[in-house]
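Novice: Listed here are the chains, written in short residue letters.
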Amino acid sequence: MRLLLSLVLLLACAVPAAAQENVPPAPFAYRQLDNPEQEARAKALMVTLRCVMCQSQSIADSDAPIAGDMRSEVRTRIARGEDPEHIRQWLIARYGDYVSYTPQVKPITWPLFAAPVVFLALAALLLRGRFARARPGDMA
Amino acid sequence: MIAELGLAVLWMAAALAVLQLVTGGLALRPEGRALAGLVRPVAVMQGVLVLAAFAALVTLFVTTDLSVKLVVDNSHSAKPLIFKIAGTWGNHEGSMLMWVTIMAVAGAFVAVIERRLDEPTLMATLAGQAFISLGFYAFLLFASNPFARLAQPADEGQGLNPLLQDVGLAFHPPTLYVGYVGLSIAFSFAIGALVTRNVGPAFARAMRPWVLGAWIFLTLGITAGSYWAYYTLGWGGWWFWDPVENASLMPWLAATALLHSVSVLSSRDALRAWTVMLGVIAFSMSMVGTFLVRSGILTSVHAFAVDPRRGAFILALLAIDIGGALALFTLRAGTVTEGKRFAFVSREGALVFNNVMLSGILGIVLIGTLYPLVTEAYGVKVSVGAPYFNPASAMFAFPMFAVMAVGPLLRWRQDRLTGDRTRRVSWPVLVCAVIAVAVFAGVEIVASGIGLLPALGLALASGLFPAALLPLVGRNLRRTPLPVWGMVIAHAGIAVSLFGMSSESAFSVERLAAMAVGETREVGPWRVQLAGIMPVAGPNWTALEASVSTRYAGGMPALLSPRAETFSNPPGTRNESALETRWNGQLYVVLGEAAADGRWQMRFWWKPFAPLIWLGGVLVGLGGLLALAGRVLADLKRWVARDKIAWRRMRQGR
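Sequences listed follow chains P and F, in order.
Count along the first sequence from 1, add 21, and you get the number used in the working numbering.
Count along the second sequence from 1, add 745, and you get the number used in the working numbering.
Calculated from the structure, these hints are not laboratory results.
All figures in this text were calculated on a predicted structure; none of them were measured in a lab.
Every residue gets a Cβ at the ideal spot worked out from N, C-alpha and C, and that includes glycine.
Hints are supplied without guarantee of correctness; some may be wrong.
Quick partial rundown of chain P residues pointing at chain F, CB under 10 angstroms, derived from the structure [as the list claims (entries may be wrong)]:
{"hint": "1", "residue": "52"}
{"hint": "2", "residue": "81"}
{"hint": "3", "residue": "84"}
{"hint": "4", "residue": "104"}
{"hint": "5", "residue": "105"}
{"hint": "6", "residue": "114"}
{"hint": "7", "residue": "129"}
The calculated EDC-like cross-link candidates involving lysine to aspartate or glutamate, where the alpha carbons are at most 16 angstroms apart (straight line), are [stated by the list, open to error]:
{"hint": "8", "chain 1": "P", "residue 1": "64", "chain 2": "P", "residue 2": "104"}
{"hint": "9", "chain 1": "P", "residue 1": "64", "chain 2": "P", "residue 2": "106"}
{"hint": "10", "chain 1": "P", "residue 1": "64", "chain 2": "P", "residue 2": "94"}
{"hint": "11", "chain 1": "F", "residue 1": "1085", "chain 2": "F", "residue 2": "1014"}
{"hint": "12", "chain 1": "P", "residue 1": "64", "chain 2": "F", "residue 2": "1255"}
{"hint": "13", "chain 1": "P", "residue 1": "127", "chain 2": "F", "residue 2": "1121"}
{"hint": "14", "chain 1": "P", "residue 1": "64", "chain 2": "P", "residue 2": "103"}
{"hint": "15", "chain 1": "F", "residue 1": "814", "chain 2": "F", "residue 2": "749"}
{"hint": "16", "chain 1": "F", "residue 1": "1126", "chain 2": "P", "residue 2": "118"}
Starting from the given sequences, assemble the full structure and let the hints guide the process.
Specialist: Take a look at the structure:
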């Protein structure tokens, strides 16, 4: 009886999953590369790639089928010895800039990269303005 | 009946807010003095009424009244009671009602207990609070009525997103909201002080406990939210630079800066304009956060409301409140003098430096969060994530940590690190710096593969922790004031958390494995074995539960039970991870789906020292709590003493 119940429950759980993706996940979606150094490089790249179907998750953080496919793609290419940046550019060509959590340096993102520099300059200016006049002499 | 009552009470509360604004404003003029007595009772009554409206909504959710639209959309009769209650604020309308409730209750609280502030500034503050509240009342009553009925009652509710059905998350939004809205008090104080041109130590002392209170809630709220994301999302991540997370981080950064500049103003009468400005910015960041989350302009894991019309409403509120405050600031900036001056090498100097650095981080988070919206307006979708936020914020954070190690040891106004002070300050700090350098060198030698940021983080944290404890050296620990303890513990908490973050990112071990029952794998120092898979059922879900026996190198075996849960209303799945915590880290186990060959997809992580991330957050909150307790107790003592003196005088007939 208990076994039957387990089976029914198992089936009940398996159905939505099967309906969602009739294709089995890509080979390296849930499998790591055997070479730990290559796996580390793949992982470092994956955490900076966005799962385009999810909300604010990298492909390394997602159960979505597309994230699995992308992980597999990244791992396969890394195993082939491709350069991580090259893979990123390939993905950008396919999915657009949106896929990369590392913003690409382009005219439209110049202000984004200028921001830290501008803030640093502002901070220096603020601090200078605050302390340049504050010589021990003029302190009451 | 309860829904109509709730709505009526809400309208009455809004009307009282109008009265509070008008009487508070008139009381500032000589001819309106007579009205001053009215402001406090009105503020209290407003708080009571809106609390009643909130209670009405909670009642509707608890009883699952299926004729109310909000309940139908967000609840279900089969949900456990705690999630029915949490469902009250797990949606747009309910969370806005909670926002207004906290705002009004906080206003009432100020009206009842605030005695330090001079009467005109308090009137202006309460009027300001009523003004901000009115915007949100209008928003609730005209654009998001939580009490709306359905023409035809539904048979059953839609339920709540399974990810949100978690005890941790049930209390996460209220905590954050108390923090956000607590900052509205700081905002109103700033407005009040600007109106009456009364920015000084007394104003700062009155404002400090409110800022501190709000900041404690924000700290704990962010910490809890991060831990929730960590164990619920099932991939071991704990911070995603998600816009909604950033929305809570930005007010925290501003509140941290405000907290420190308020204490400079209260003890040294310096940084007047800067403190007022930060008061305005801190609440503005809360409102920007609300706008981002509530407008649905950014879709993210947390966003459960998508409605652009509401976004426009909040944007208008944002413009009126922030624009108004900034205009007032500009008008009055000339009359608010800078206050007392000080040298660069002084405690104020260190605090100002760190205030500027915190503002820098705030700027980075703000621009990184909003930038994708800007480019989208030009038709380009970009993503800004950790590869931008981490290094850009570290540029400001790391110098800040270094100054944080020294600042608390310096004297107010001006310090010279010569003679006796060398022994007290320079040498101990130098020792901490040497520790940091040694750790950096050690990390680079032992684990050369790790990134620069985690390595620097580990080094700074190792130096910062002992440095944070230095202010206690040479003190009688039993007579050390509570606020000093608070500062020490909070600063140590930052070091602890930084250590956890760096260690997690540097040393985590990931193991993905397709396992058959009985198979064993190595995960860092752990051996894990899949012992079995069992179906289990909860009140509104069914699940597969794996039993995984784990054993740390040479340690006792422990049994973990990660679950893959399936919810039926609304349909959804959730991977409930199982965690095994040791003093030196955490093992994280997740059960995935079945592979084609009948094996199970398991995910394991060994995260050395990861729990320190949240332990540090809790320590920071605890530090705040001690500081607050110290301040409040000192206040109470002063009141008691004053009453005693007054009583004695009265008895002596003077």
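Novice: So, for every hint listed, does it hold in this structure?
Specialist: Evaluation of the provided hints:
| no. | hint | result |
| --- | --- | --- |
| 1 | 52 | holds (6 angstroms) |
| 2 | 81 | holds (7 angstroms) |
| 3 | 84 | holds (7 angstroms) |
| 4 | 104 | violated (17 angstroms) |
| 5 | 105 | violated (12 angstroms) |
| 6 | 114 | violated (14 angstroms) |
| 7 | 129 | holds (5 angstroms) |
| 8 | P/64 <-> P/104 | holds (13 angstroms) |
| 9 | P/64 <-> P/106 | holds (13 angstroms) |
| 10 | P/64 <-> P/94 | holds (12 angstroms) |
| 11 | F/1085 <-> F/1014 | holds (6 angstroms) |
| 12 | P/64 <-> F/1255 | holds (10 angstroms) |
| 13 | P/127 <-> F/1121 | holds (15 angstroms) |
| 14 | P/64 <-> P/103 | holds (14 angstroms) |
| 15 | F/814 <-> F/749 | holds (13 angstroms) |
| 16 | F/1126 <-> P/118 | holds (6 angstroms) |
Going down the numbered hints, you'll see the structure goes against 4, 5 and 6, while the others check out.
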